[in-house]
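Q: Now for the letters of each chain:
Protein chains: 2
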Amino acid sequence: MARTRGEERRADILRATLEVISERGYRGTSLGAVAERVGLTQQGLLHYFPTKEALLIAVLEVRDQWDTAGVPHTPETWNIELLATLVEYNAMRRGVVQTFSALLGESVADDHPARDFFTRRYVQTRESMAAALRAAFGEELAGGLTPEQAAPLLTAVMDGLQYQWLLDPEAVDMSAAFRDFLVLLKPKD
Amino acid sequence: MARTRGEERRADILRATLEVISERGYRGTSLGAVAERVGLTQQGLLHYFPTKEALLIAVLEVRDQWDTAGVPHTPETWNIELLATLVEYNAMRRGVVQTFSALLGESVADDHPARDFFTRRYVQTRESMAAALRAAFGEELAGGLTPEQAAPLLTAVMDGLQYQWLLDPEAVDMSAAFRDFLVLLKPKD
Numbered sequence: 001m002a003r004t005r006g007e008e009r010r011a012d013i014l015r016a017t018l019e020v021i022s023e024r025g026y027r028g029t030s031l032g033a034v035a036e037r038v039g040l041t042q043q044g045l046l047h048y049f050p051t052k053e054a055l056l057i058a059v060l061e062v063r064d065q066w067d068t069a070g071v072p073h074t075p076e077t078w079n080i081e082l083l084a085t086l087v088e089y090n091a092m093r094r095g096v097v098q099t100f101s102a103l104l105g106e107s108v109a110d111d112h113p114a115r116d117f118f119t120r121r122y123v124q125t126r127e128s129m130a131a132a133l134r135a136a137f138g139e140e141l142a143g144g145l146t147p148e149q150a151a152p153l154l155t156a157v158m159d160g161l162q163y164q165w166l167l168d169p170e171a172v173d174m175s176a177a178f179r180d181f182l183v184l185l186k187p188k189d
Numbered sequence: 001m002a003r004t005r006g007e008e009r010r011a012d013i014l015r016a017t018l019e020v021i022s023e024r025g026y027r028g029t030s031l032g033a034v035a036e037r038v039g040l041t042q043q044g045l046l047h048y049f050p051t052k053e054a055l056l057i058a059v060l061e062v063r064d065q066w067d068t069a070g071v072p073h074t075p076e077t078w079n080i081e082l083l084a085t086l087v088e089y090n091a092m093r094r095g096v097v098q099t100f101s102a103l104l105g106e107s108v109a110d111d112h113p114a115r116d117f118f119t120r121r122y123v124q125t126r127e128s129m130a131a132a133l134r135a136a137f138g139e140e141l142a143g144g145l146t147p148e149q150a151a152p153l154l155t156a157v158m159d160g161l162q163y164q165w166l167l168d169p170e171a172v173d174m175s176a177a178f179r180d181f182l183v184l185l186k187p188k189d
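From first to last, the protein sequence lines are chains H and F. The first sequence stops at residue 189 when you use full-length UniProt numbering, and every number in between is there. The second sequence stops at residue 189 when you use full-length UniProt numbering, and every number in between is there.
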């Protein structure tokens, strides 16, 4: 089914918002700057997204869809190989990773509008990671860790490597480092 | 030696700046807001720090000193136990970790004034981590990894756990998770 003009305009606005956020952070992003980038008046933009926060939430939701656009899955079908593929895929789309990392950084402030989104998202992420680790390696991972103990580490490695890679892409091979970590987690015979 | 009044005033300004950054991010921080918090006019503040960027750099440098205020070391004496102690210490000072994480998040933008600082800092951090891992575990860590392969992972785990802990301190025990990771890295007999 073809997208309506309104849907296309919404998609254009979300793309422009991602660009502006990756350049200026969410706090530095104004509705005026997004409107200008997409060729709308600020009044015209407000027709699609009535507040800056509404725009942020829409961006975060669409990002989670893009995240998996090249890597189809449901939470139940997450697996370790898919995670490694996602890291490889991320290494090819710097802008999206930059936006996500900038938003995560801002969201830890007590009053940030994305804080609840990220807090809920990480609860789900740790659960999905634990399930993927259990499916791949069973109940006992290397070092005697349980999947639940390893899940926050796996999540931390993915996020932390993104910052190092964004700052210094030639020094840090995000994808190779992630595979090294999977080797570490694998139970030894 | 007693600190002069000027030194005390500078210290007050840096503390106020950290507070404002942790609430609003660096981009959302204005010289006016810092001046107000510390009870100076904006003109008075400019006497100590002529630009907002000068203030940011001073904050980043003093943070690295505070980082180790409770944990004395030189880069040569980093060791694995000291790192675990630093993570425990961080779990007791949320504001400082919040400011650091917010600044790291912003710094990945291509034009951010702290980008070079963090890029250089991570080169040094990975080197120090590799040296600490070599001293603790020798040339071959668990999974056959070299200290240089494990160093970006160790760095990523520390940073990534901070975000999860800041968002959800009751769900994530940063210090226990970091010790789990050290168990993973230890070579098996």
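In short, the hints are calculated from the structure, not lab data. Do not rely on the hints blindly, as some may be mistaken.
[What the hints assert, rightly or not] To give an idea of the interface, some chain H residues facing chain F are shown, with a C-beta separation under 8 Å as derived from the structure: (1) A102; (2) T119; (3) E170; (4) A171.
A virtual CB, placed ideally from N, CA and C, is assigned to each residue, including glycine.
Q: Taking the hints in turn, state whether each one holds.
A: So, going through the hints one by one against the coordinates:
no.: 1; hint: A102; in the structure: holds (5 Å)
no.: 2; hint: T119; in the structure: holds (5 Å)
no.: 3; hint: E170; in the structure: violated (11 Å)
no.: 4; hint: A171; in the structure: holds (7 Å)
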